[in-house]
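*Asks:* Residue numbers (our numbering), protein chains in the order written: chain Y, 15 to 452; chain G, 15 to 452; chain C, 15 to 452.
A couple of the hints might just be wrong.
Each pair may be met inside one copy or between any two copies, as identical chains are not told apart.
[To be verified] In the DSBU-like style, the derived pairs of lysine-lysine whose C-alpha atoms are separated by at most 35 Å in a straight line are:
1. Lys448 with Lys255
2. Lys295 with Lys273
3. Lys120 with Lys260
4. Lys127 with Lys255
Hints are computed from structural coordinates only; laboratory data are not their basis.
Here is what each chain is made of, one letter per residue.
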Amino acid sequence: MNFFERIRLIDSSKKGEDIFNLIEQMYPICRSITGNGVRETLSIISKIIPIIIHEIPSKTKVLDWEVPLEWNIQDAWIKNAKGEKIVDFKNSNLHVLNYSIPIHKKVNLQELKEHLFTLPDYPEWIPYRTSYHDKEWGFCMSYNQFKELNDEIYEIKIDSKHEKGSLTYGEFFIKGQIKDEVLISTHICHPSLANDNLSGIAVSVFIADILSKIKTKFSYRFLFIPATIGSITWLSLNEDKIKKIKYGLVLNLLGDSAKFNYKKSRSGYSAIDKIVQNCLKHFVEDYGVLDFSPYGYDERQYCSPGYNLPVGRLSRSIYGEFPEYHNSADNLDFIKPDKLEESFELLLSIIHVIEDNKTFINLISKGEPQLGKRGLYRKIGGESDVKEYQMALLWILNQSDGENSLLDISVKSGINFNLIKTAAEELENVELIKAIKN
Amino acid sequence: MNFFERIRLIDSSKKGEDIFNLIEQMYPICRSITGNGVRETLSIISKIIPIIIHEIPSKTKVLDWEVPLEWNIQDAWIKNAKGEKIVDFKNSNLHVLNYSIPIHKKVNLQELKEHLFTLPDYPEWIPYRTSYHDKEWGFCMSYNQFKELNDEIYEIKIDSKHEKGSLTYGEFFIKGQIKDEVLISTHICHPSLANDNLSGIAVSVFIADILSKIKTKFSYRFLFIPATIGSITWLSLNEDKIKKIKYGLVLNLLGDSAKFNYKKSRSGYSAIDKIVQNCLKHFVEDYGVLDFSPYGYDERQYCSPGYNLPVGRLSRSIYGEFPEYHNSADNLDFIKPDKLEESFELLLSIIHVIEDNKTFINLISKGEPQLGKRGLYRKIGGESDVKEYQMALLWILNQSDGENSLLDISVKSGINFNLIKTAAEELENVELIKAIKN
Amino acid sequence: MNFFERIRLIDSSKKGEDIFNLIEQMYPICRSITGNGVRETLSIISKIIPIIIHEIPSKTKVLDWEVPLEWNIQDAWIKNAKGEKIVDFKNSNLHVLNYSIPIHKKVNLQELKEHLFTLPDYPEWIPYRTSYHDKEWGFCMSYNQFKELNDEIYEIKIDSKHEKGSLTYGEFFIKGQIKDEVLISTHICHPSLANDNLSGIAVSVFIADILSKIKTKFSYRFLFIPATIGSITWLSLNEDKIKKIKYGLVLNLLGDSAKFNYKKSRSGYSAIDKIVQNCLKHFVEDYGVLDFSPYGYDERQYCSPGYNLPVGRLSRSIYGEFPEYHNSADNLDFIKPDKLEESFELLLSIIHVIEDNKTFINLISKGEPQLGKRGLYRKIGGESDVKEYQMALLWILNQSDGENSLLDISVKSGINFNLIKTAAEELENVELIKAIKN
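For reference, chain Y alone in the conformation it holds in the complex (with noise of 0.2 Å):
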């Protein structure tokens, strides 16, 4: 039984909208790198998987860095001369620069602009900015709001600190059949913005809850991690288990409604580029597929050279490069179950190759086999439409000469994974070939 008809046996439901209900659940918490709305996070991701919480204590040395003080916020403001709030932290925490520093004090208008961050382009929209490693404060707001302030005292508050404490991630490990891992990792360290990435933490947990429930042929390890500190932290502390990925993918920016982006490892040709690309090229009409860079998510820390890892990542939007990219526009209107669905189902196409791929050899390599008395070809010779089907069955005989994987052969014929898997399966049956790899 493949991966496919295993999964739809013990769950065939929909998820476009459990997983959007869970977005929403985390869609207020106000998280960053560390800090209590993190551990809030992975709270309610354990009411569905049973993810290890690991709290790493600040000052930690992690490769390069190291964790920083635990930053937490309880309120912050900016009130006018009248005493009125202008801007409320309760409202969205967007407002505030993520880990600003403390601090409670009377400004003018000329000080209080130096803090301040606008999106003229977009004046109804509120940026999100940090200040991880620059002792700074700051507010976001509108540029409608800003443009309207007068020239007046303001006091400001902002109730934060910054104490010793941890740095926490969440990691949820399936054992497999054999030791090889998937790494899937998200980053959880954005507030509320619901497609950067509480999309992608959604869809991972989903798939990590149904994948729990088969027997998997390879381990699967999912992380929800700080961006870049978490996956440095992570490495850092994991490099007996580095060597054992296999096959990696950055999840992020899945629930909006552009076109799928997979952006290629280092290499450049993993087997992982190899399977993203097949898989969407049957999956949807159009997609992108982006050179690796060493910018973008914690691609950039599993692609370093001293790792140089087989992980890719899977987007839509692409990471910078849509306007409602790190600001209040990235909110639950701009996500869709239908389009959240898609991205799981993708991601089980995507596991489908990686746990049903395999090399046969043609056991009667010489000259075509009858598949006619194996009951395996059509009656009537002569019609010039060839079925599909029958179409897979010669593929696989043909390249099954122990150079090429099921993968390969889907890729050569242009017919899908799922459609070579289930004629290489009958191929077997009847003992026309034989797995030599995987």
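We have chain Y already, so just place chains G and C on it with the hints.
*Replies:* What follows is chains G and C alone, placed relative to chain Y:
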């Protein structure tokens, strides 16, 4: 003297009409994968080239297959309730399902229709259908006739026999200076279809005829075989000869007016692939090149993984992709003497490369040799036009480092092989280059 | 300090006018492959760079050739029946067939015409023609003048001499820190033609001049030689130096207004090919790249198979493919100071890569180093625009695994070499990378 010069010396006549006339003779015969139709066809061919005719007994095991019972047919018809023959095998041998079991009974319209084959998209044409492996009976007719059938009782008769006998094929071998072989294979199992594949048969015959009249470097083996079971039979019985095959072509569909289409060998990078593509580039304005796929004619068998022979397929129209494919419209009007002539000439240009390709080394490789003092260069310098012949001289000298054959030089320079060959002969005469391979 | 900074420190002036002025000085001289015109030209060059002048005796054997007798010309003319000079060498040295034998006689129109060369397509222009290897005499004139010739007796005189003498060429060598050499070769044998190749000569001279004023890593060898016989002579007499040539360029046609066209070296994948193409990509909007062919200028000799040197050809207009090629329209109006200037600057950017390319290893290769704490990163995160400089830092860190040079990183990233080089210097300063090659 190069191949073309030797060919033209013994026979410089146009062959288009001769080839067409041979097709005309073979056209009326009802052929199948076995039986007297094949024998009759080979007998006609024997009048031009002295082929050896092989008879392989029914039930002989050949690779994964066995030679079928021999099929012969005397007559077949459908009579209506009035006793009128509305379908008569004597009018067109396409009317009967090829390899039909014998039958003689009365049937009502409903039962009859289950055994009728038509082409609704081309209502005037009679399809060609076969049932080699299942015991079926059936008739083919035009869709127009089919629509007019009344709900009455029909008498049907197919006077055929399946008996122990043999599979018949023809072979013609030309011994060359070396034992390496060129394989030319055509199928001879189709009844009255002109392009598929009387065109391939007749062009092969005239190529074989002309090659047999000169001394060739390579040995040439021409096979006239029933499709699939014929190539499987030959491969099964000739293991010792298979390793000698250095180049091969399956020839078919060479008489219609479509552009040439070459289907590459399984590897896609065989010498024959390079040769045919280079010849086509210089021979015609427009042509197609198809990647290998495990469907089509006997290249399926030659390119099965246990043999993986360097065999491509040369056609005009593409297998299964033209309206006249496998129906009564593939008749003598569908093929033209000038197209057959052109196919013949293209094949000669391909064989020219096979015969005459060599690799040289430049004996004065440091700097250009002075062509002027050897009478090989234009007298007045400074003109901006350089003759193609002079370019051929320079290309050969520059590329003859032992790595590049004359074919490679033709490909790189864009100068046709014949001119490169002529220039190489002149350079060899003045001892500027020396052959090192082939 | 990188190459450009060192160059600009000693001389940051614009060179377009200087180069043009040098061409103006050399323009009137009647050059050929030997003789006093070459000596006079080299003497003018000597005023700028201290070239060594070599005199190779006539009849010296050089590879497959021999040095020809030296040719010098005093005067040449055609007088009509009235004794009027209708063609006068003193007006244009193109009027005489270059390397003409001496002659003084009376001829009728018919005989004269057999020795006249014109350009019917450009009836106002005088062609440039040569006859180095055959003992001919002849005149070149405009087609308009040719059409007006009357059927009368003409007196013709060519006061030239072929005598034992020598072949003259100039060589300028700059000793670098290493013995590996860069070869810059230009031909000096054309009479009054400005673009072909006074432009190449003059640009070379100013490149040589400026390189001689700084310390270079590579050694540089500039050749000012007659075409074909000059490069053959140099190659023949300098076998010991040939192996040291790591990069080479034949320079010509650098003063006209066409886009740049680079002709690749014989292999097509030499380091010089990669360098020039990458420089052109960043230097100009549009440019051409030509595959190697064994025709053109002295790259024919450097790229003959016995040497196969990594020598490309840099030009604007393409050899033989512009109307002004080899005729009187290739004059001082055809070339422009700003185009010469641009050619000069492009060459500096090419030499910049040759001089400054290195391969580094990332010393903190597991994960990204923390650029922020080293002052190399922007302060406020979350902005969607990433500066190109920061991308340069990330690309270098990601690709510096010992396999990729800075040039490779420039090619992959699409960031110009100079910015990559600058970023690498900063990364080297903070000890994040270490040079391992070059």
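*Asks:* Hints first: check each against the structure and report whether it holds.
*Replies:* The hints, checked one at a time:
Taking CA atoms no more than 35 Å apart as the test, Lys448 paired with Lys255 passes in both settings, with 32 Å inside one copy and 29 Å between copies. Taking the closest pair of Cα atoms, Lys295 and Lys273 come within 35 Å of each other both inside a single copy (12 Å) and across two copies (31 Å). Taking CA atoms no more than 35 Å apart as the test, Lys120 paired with Lys260 passes in neither setting, with 56 Å inside one copy and 68 Å between copies. In this homomeric assembly, Lys127 and Lys255 never come within 35 Å of each other (Cα to Cα): the closest approach is 48 Å inside a single copy and 67 Å across copies.
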